[in-house]
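**Student:** Taken in sequence, the protein lines are chains A and B. Under this note's numbering, think of the first position of the first sequence as 1, with each following residue one higher. Under this note's numbering, think of the first position of the second sequence as 1, with each following residue one higher.
Hints are supplied without guarantee of correctness; some may be wrong.
[What the hints assert, rightly or not] Derived lysine-lysine pairs resembling DSSO-like cross-links, with alpha carbons at most 30 Å apart:
hint, chain 1, residue 1, chain 2, residue 2
1, A, 44, A, 229
2, A, 57, B, 111
3, B, 33, B, 52
4, A, 43, B, 111
5, A, 151, B, 33
6, A, 127, B, 28
7, A, 57, A, 127
8, A, 127, B, 33
9, A, 57, A, 194
10, A, 194, A, 151
11, A, 151, B, 52
12, B, 52, B, 36
13, B, 111, A, 44
14, A, 229, A, 196
15, B, 111, A, 201
In case anyone wonders, no lab produced these hints; they're calculated from the structure.
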Amino acid sequence: MTSFGPVAISCVGVRKQFVLRHTRSLKEALVWLVKGRKGDLSKKFLALNDVSLEVRKGETVALLGLNGSGKSTLLKLISGVLQPDGGSVRTRGRVAGLIEVGAGFHHDLSGRDNVYLNGAILGMSEKQIDDMFESIVEFSEIGEFIDTEVKFYSSGMYLRLAFSIAVHTDPEVFLIDEILAVGDEPFQRKCIAKIKELAEKGKTLFVVSHDLDLVSTICERGVLLEHGKVIMDGEVHEVVGELRGRSLDA
Amino acid sequence: MAGKVDGFVRPGSGRGLLDVYGDRFLLKLLVRKEIKIRYRGSVLGLLWSYVKPLMQFLIYFIALGIFLNLEHGTPNYAIYLFAGIVLVNFFTEALSNSTRSIVDNRDLIRKIYLPRELFPVATVWVSAAHFLPQMIVLIGACLLVGWAPSVLQLAAVVLIFIMVSVLATGLGLMFGAVNVYFRDSENIVDMIVMVVTWASPVLYVWSMVQRAMGPWYWLYQLNPMTTAVEVFHWAFWEPTLKADQVVTGTIPPNLFTVWLPVSMVVTLVVLFLGQLTFRRLSVHFAQEL
Numbered sequence: 001m002t003s004f005g006p007v008a009i010s011c012v013g014v015r016k017q018f019v020l021r022h023t024r025s026l027k028e029a030l031v032w033l034v035k036g037r038k039g040d041l042s043k044k045f046l047a048l049n050d051v052s053l054e055v056r057k058g059e060t061v062a063l064l065g066l067n068g069s070g071k072s073t074l075l076k077l078i079s080g081v082l083q084p085d086g087g088s089v090r091t092r093g094r095v096a097g098l099i100e101v102g103a104g105f106h107h108d109l110s111g112r113d114n115v116y117l118n119g120a121i122l123g124m125s126e127k128q129i130d131d132m133f134e135s136i137v138e139f140s141e142i143g144e145f146i147d148t149e150v151k152f153y154s155s156g157m158y159l160r161l162a163f164s165i166a167v168h169t170d171p172e173v174f175l176i177d178e179i180l181a182v183g184d185e186p187f188q189r190k191c192i193a194k195i196k197e198l199a200e201k202g203k204t205l206f207v208v209s210h211d212l213d214l215v216s217t218i219c220e221r222g223v224l225l226e227h228g229k230v231i232m233d234g235e236v237h238e239v240v241g242e243l244r245g246r247s248l249d250a
Numbered sequence: 001m002a003g004k005v006d007g008f009v010r011p012g013s014g015r016g017l018l019d020v021y022g023d024r025f026l027l028k029l030l031v032r033k034e035i036k037i038r039y040r041g042s043v044l045g046l047l048w049s050y051v052k053p054l055m056q057f058l059i060y061f062i063a064l065g066i067f068l069n070l071e072h073g074t075p076n077y078a079i080y081l082f083a084g085i086v087l088v089n090f091f092t093e094a095l096s097n098s099t100r101s102i103v104d105n106r107d108l109i110r111k112i113y114l115p116r117e118l119f120p121v122a123t124v125w126v127s128a129a130h131f132l133p134q135m136i137v138l139i140g141a142c143l144l145v146g147w148a149p150s151v152l153q154l155a156a157v158v159l160i161f162i163m164v165s166v167l168a169t170g171l172g173l174m175f176g177a178v179n180v181y182f183r184d185s186e187n188i189v190d191m192i193v194m195v196v197t198w199a200s201p202v203l204y205v206w207s208m209v210q211r212a213m214g215p216w217y218w219l220y221q222l223n224p225m226t227t228a229v230e231v232f233h234w235a236f237w238e239p240t241l242k243a244d245q246v247v248t249g250t251i252p253p254n255l256f257t258v259w260l261p262v263s264m265v266v267t268l269v270v271l272f273l274g275q276l277t278f279r280r281l282s283v284h285f286a287q288e289l
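Chain A on its own, in the form it takes in the complex (with noise of 0.2 Å):
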C-alpha cells in the first residue's frame, strides 16, 4: 500500500451505542427515580465497539459485514451525520456520501431545483453547480424532463438524477452506501463504470454494499465488521472469502 497519499480517514477505538427505549412515559421514569434508580430503564446496545481505521487517500475500501453489523453506522460516523460515544472519528479533505440516494429532495419542486438544492446539500457551491449541470443532467439521462416537477418522475428517473447529482459532487472522499443498484441494467453498468472512473482518478472510495462480487471488482481492500468489530482487514478477495465462508456456518 505504499503508493496511497496520507490518511483520509482516521477512526481510533469508535465505539457507538444506542438507546433502545421501551417506554417514555413519565410515569415509569418517576417510579424508577423513586425506586432509587435500580435496574436500567433503557436497554443498551453497542453497535460498534472499539473500531480502529485508518484509510488512505486514493485507497478503495470494501466494507463488508452482514445486517447488524455495524456498517452503516461506521459510515454514518465518517460522514458526520453521528458522533461517536468514544474514540475518535476525523477525516481530511471534503466528504460525501452517496448514502440515501435523493435524501434532499423535494417532490414538488422542478429537476432543475432540485439539483440546485441537493448539489448544496452535499457541499457543492453555486458555481461548481453551475459548471456541472449540463454534465448532471446528460448523466441522469432525463433530458427535457428536467423542468418537470420532480413527483411526475418515475422511480428510475428520479434515482439517475439523485445519483448523477451525488458522482458530481467530486468530495474527495466518497462514501457509498447500498446505491449501487440504480435503475435499469445499462444504468447501473454506467454507475457502476462511473465509481471505477472515480477511483482510477485518486478518490477515495469507502463502499458499504452487499453485493460481494460487485464490490471485489470495485475495491481493492476489505474491512469485515461483525457485532460491532473488525474482524479482518485486507485484500478484498480473501476477505469476501471468509465473509461467504461465516455466512454457510451461521
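Using the hints, position chain B against chain A.
**Tutor:** Chain B only, in chain A's frame:
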C-alpha cells in the same frame, strides 16, 4: 469546520450559526424552496400573505375598534392595531415554524450532515419574506392618513425587525432542539404564540397595563416583544396623529433609554442560550429523530 488539526476535521463538528453564514447559498435555496412550496397549487399564491393578515386585522378592528369602541380613546386605532399585529405575526410565525423545523427535516438530518442551525434560520427568513408584504400594506395605510416619519423612526423599524428576528431565531433554536426529544415543545410554543398577542400592547394601550400592574409594570416591560411593539407604534402610529389628536403618553417612559437596551440584551441572551442548547442537543439529533 472547526476542530482542525493538521488538516484533519472531526466530521459533524460545526461552529453553529457561523457555519450558517458560510453556507449562505444553501440557506438561500432552502428559503426559496419553502416559499415555493408553501403556496403550491393555490391560485392566489403569495397573495394569501396579504389576505390572511388583512382578515385578522378586520376582525380585530371591527370587534375591538368599533364594537368595544377603542377607536374613541385611541385615534387612528386601525394603524395602531395593524402595526402591532404585523410584528407579532412575524414573531409567532417564525417561532412556531422554527420550532418544528428540525423534526420536519428529519429525513435529511438523519442521512446527511449539514449545519443543523440552517433549518431554524431558514424558517425565520421565510417568515421575513411573508412579513414584507404585510409591511407594505402597513406603510400604504400609514401614508393614506398622512404618515411623516423621521429618519430615526425609520431606523428604529429596521432595528426592531432585526431584534425580533434574532429573538425568534434564539427561541426557535431552543425549542426546535428540545422538540426532537420531547414533542411537548411544540405545544409550549403554541401557548407562547397565544399569549404573545395579548402580552404586548397590540390590542390595547400600555397605560391600561400600568394602571392594573402599578409598581410591577416593569415585569410587563421586560418582555422584548412589548418593547418591539411599542417602538413600532412610535414609528408608525405616532407620526400619523394630527395636531388636534395628540394623546398624552403614546410611549411609556424610558422606552429608549432603558427598555430598548434591556430588550436588546435580553434578546442576545436568548440567542446565546438558544445556540448553547441547540449545540448540546444537536449531537444526538440523527439517532433521536
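**Student:** Would the hint linking residue 33 of chain B and residue 52 of chain B be met if the CA-CA limit is 30 Å?
**Tutor:** holds (21 Å)
**Student:** Is the Cα-Cα distance between residue 44 of chain A and residue 229 of chain A 30 Å or less?
**Tutor:** holds (17 Å)
**Student:** Run the distance test for residue 194 of chain A versus residue 151 of chain A: straight-line Cα separation, threshold 30 Å.
**Tutor:** Cα-Cα ~26 Å, so holds.
**Student:** So if I understand the rule, the pair passes when the alpha-carbon distance is 30 Å or less; does residue 57 of chain A with residue 111 of chain B pass?
**Tutor:** holds (24 Å)
**Student:** When you check the alpha-carbon spacing of residue 229 of chain A and residue 196 of chain A, does it fall within 30 Å?
**Tutor:** holds (28 Å)
**Student:** Under the criterion that the straight-line Cα-Cα distance not exceed 30 Å, is the pair residue 151 of chain A, residue 33 of chain B satisfied?
**Tutor:** holds (15 Å)
**Student:** Need the status of pair residue 151 of chain A, residue 52 of chain B: alpha-carbon distance at most 30 Å?
**Tutor:** Given pair residue 151 of chain A, residue 52 of chain B holds - Cα atoms ~29 Å apart, limit 30 Å.
**Student:** Assess, step by step, whether the Cα of residue 127 of chain A is no farther than 30 Å from the Cα of residue 28 of chain B, and give holds or violated.
**Tutor:** holds (14 Å)
**Student:** For the pair supplied as a hint, residue 111 of chain B and residue 44 of chain A, confirm whether the alpha-carbon distance does not exceed 30 Å.
**Tutor:** holds (22 Å)
**Student:** Would you mind confirming whether the straight-line C-alpha gap from residue 52 of chain B to residue 36 of chain B stays at or under 30 Å?
**Tutor:** Distance of about 18 Å is within 30 Å: holds.
**Student:** So if I understand the rule, the pair passes when the alpha-carbon distance is 30 Å or less; does residue 111 of chain B with residue 201 of chain A pass?
**Tutor:** holds (26 Å)
**Student:** Does the structure keep residue 57 of chain A and residue 127 of chain A at a Cα separation of 30 Å or less?
**Tutor:** holds (26 Å)
No hint from the list above goes unmet by this structure.
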